[in-house]
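Colleague: Residue numbers (the UniProt record's numbering), protein chains in the order written: chain C, 1 to 202; chain E, 1 to 202.
Worth double-checking, as some hints may not be accurate.
When chains are identical, the list treats them as one kind, so a pair holds in a single copy or across two.
[Stated by the list, open to error] In silico lysine to aspartate or glutamate, DMTMM-like type, Cα no more than 25 Å apart, as pairs:
id, residue 1, residue 2
1, LYS25, ASP187
2, LYS37, ASP90
3, LYS19, GLU56
4, LYS58, GLU11
5, LYS79, GLU56
6, LYS58, ASP182
7, LYS25, GLU40
8, LYS37, GLU151
9, LYS161, GLU15
10, LYS19, GLU40
11, LYS58, ASP93
12, LYS19, ASP140
13, LYS25, GLU184
Derived from the structure by calculation, the hints contain no laboratory data.
2 protein chains.
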Amino acid sequence: MMHTYPSRIIEQAVEEISKLPGIGKKSALRLALHLLKRPETQSLQLAHALVQLRTETKFCPKCHMISDGDLCGICASTKRDEKILCVVEDLRDVMAIENTGQYTGLYHVLGGIISPLAGVSPSDLHIDSLIQRIASGEFDEVILGLSPTMEGDTTAFYLTKKLAEYSIKISTIARGIPIGGDLEYTDEITLGRSIVGRVIYE
Amino acid sequence: MMHTYPSRIIEQAVEEISKLPGIGKKSALRLALHLLKRPETQSLQLAHALVQLRTETKFCPKCHMISDGDLCGICASTKRDEKILCVVEDLRDVMAIENTGQYTGLYHVLGGIISPLAGVSPSDLHIDSLIQRIASGEFDEVILGLSPTMEGDTTAFYLTKKLAEYSIKISTIARGIPIGGDLEYTDEITLGRSIVGRVIYE
Chain C
1 MMHTYPSRII
11 EQAVEEISKL
21 PGIGKKSALR
31 LALHLLKRPE
41 TQSLQLAHAL
51 VQLRTETKFC
61 PKCHMISDGD
71 LCGICASTKR
81 DEKILCVVED
91 LRDVMAIENT
101 GQYTGLYHVL
111 GGIISPLAGV
121 SPSDLHIDSL
131 IQRIASGEFD
141 EVILGLSPTM
151 EGDTTAFYLT
161 KKLAEYSIKI
171 STIARGIPIG
181 GDLEYTDEIT
191 LGRSIVGRVI
201 YE
Chain E
1 MMHTYPSRII
11 EQAVEEISKL
21 PGIGKKSALR
31 LALHLLKRPE
41 TQSLQLAHAL
51 VQLRTETKFC
61 PKCHMISDGD
71 LCGICASTKR
81 DEKILCVVED
91 LRDVMAIENT
101 GQYTGLYHVL
111 GGIISPLAGV
121 SPSDLHIDSL
131 IQRIASGEFD
141 EVILGLSPTM
151 EGDTTAFYLT
161 KKLAEYSIKI
171 STIARGIPIG
181 GDLEYTDEIT
191 LGRSIVGRVI
201 YE
């Protein structure tokens with residue numbers, strides 16, 4: 001019986017690929033066999049991109065977003081509202097918010113979210129530099145753009161406490177029923193929150 | 001608005017990762033950001049494993065299975081039934097059948113399956129060498145171990161025609177209701193086949 005792989009090379013590839021989140025041994029083997037059927041250049045380019053990603057990626061010294069140059073494009077821009085700062089978990093959130101076209105302020109990328117279960121504590125995140133930016137007094141408002149999850153709420157609570165001593169307006173992105181969402185099928189926690197946090201017509 | 005990535009390096013990584021089957025741009029970005037948070041060695045080891053996989057993997061000259069040495073472990077073994085040959089699509093099928101512990105014969109790995117939609121024709125597969133192995137007269141039976149899908153059936157039909165001129169017993173793995181499966185919830189094609197292909201008690 002073959003409980004192991006017929007080749008050390010493929011076993012090693014499966015081992016490394018399956019270290020990625022959400023990819024099990026079976027999917028890893030499927031991906032490895034796929035690469036074996038494709039031209040050699042595809043695997044080499046993928047490998048090269050991964051090495052570059054991890055060894056050459058730079059981060060903006062102001063907002064910690066991934067950036068090719070020194071300052072990122074948003075921090076370097078003169079067209080942004082430099083009085084508003086939006087705190088987010090990572091680059092994906094910046095891209096999602098930028099794609100709405102509704103926000104013109106600056107960002108601060110935490111590089112993660114407080115999660116005792118995943119072993120992520122406040123000291124693992126870019127919180128000290130956030131406090132410094134707020135302490136400098138250059139911002140009027142800080143928006144906590146964190147996901148409405150247990151970890152997001154924990155992080156928001158921690159930041160709110162930390163920022164309490166500075167005279168800055170703190171806000172959070174609105175939570176409620178998604179546009180186009182069906183009230184009847186909304187989970188009760190979201191629905192409850194959207195009633196408590198109702199917006200009064202003015 | 002940022003419709004593109006803030007860094008050429010991350011864009012390139014996303015581009016290459018999302019060429020893998022079943023991984024879209026969003027998942028690719030998630031994987032890239034994950035690697036950026038992990039130690040550098042993980043990305044370098046993954047890249048190294050991918051290069052090795054594509055440049056150093058060897059194939060058994062007899063059955064075309066991936067193998068480290070010259071002959072694969074199964075072809076080199078003296079404990080296998082050398083009169084039975086099982087034709088399969090790829091390595092995963094060999095591993096699945098070996099794990100059952102119910103088969104002691106040899107294998108022939110086609111390296112794919114006939115699929116006009118995916119542009120895979122018989123000439124892309126190891127069919128010529130299969131015919132040669134059968135023509136040599138060393139086998140009593142060839143088992144078509146192909147999936148009961150449109151492509152699997154097409155390939156089985158093609159091989160059956162090709163092998164018709166040789167005096168060899170051709171069989172296929174049994175199709176029917178899976179063990180533990182519920183007759184009521186079995187799709188009608190499977191159920192229909194399992195009635196037509198019923199096994200008579202002897």
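Colleague: Now look at each hint and say whether the structure bears it out.
Modeller: Verification of the supplied hints:
no. : hint           : result
1   : LYS25 x ASP187 : neither (34 Å within a copy, 29 Å between copies)
2   : LYS37 x ASP90  : between (35 Å within a copy, 11 Å between copies)
3   : LYS19 x GLU56  : both (22 Å within a copy, 21 Å between copies)
4   : LYS58 x GLU11  : between (33 Å within a copy, 13 Å between copies)
5   : LYS79 x GLU56  : neither (28 Å within a copy, 52 Å between copies)
6   : LYS58 x ASP182 : neither (43 Å within a copy, 56 Å between copies)
7   : LYS25 x GLU40  : both (22 Å within a copy, 22 Å between copies)
8   : LYS37 x GLU151 : between (41 Å within a copy, 18 Å between copies)
9   : LYS161 x GLU15 : neither (43 Å within a copy, 40 Å between copies)
10  : LYS19 x GLU40  : both (23 Å within a copy, 14 Å between copies)
11  : LYS58 x ASP93  : within (18 Å within a copy, 43 Å between copies)
12  : LYS19 x ASP140 : neither (43 Å within a copy, 44 Å between copies)
13  : LYS25 x GLU184 : neither (40 Å within a copy, 32 Å between copies)
Violation of the numbered hints given earlier is confined to hints 1, 5, 6, 9, 12, 13; the remaining hints are satisfied by the structure.
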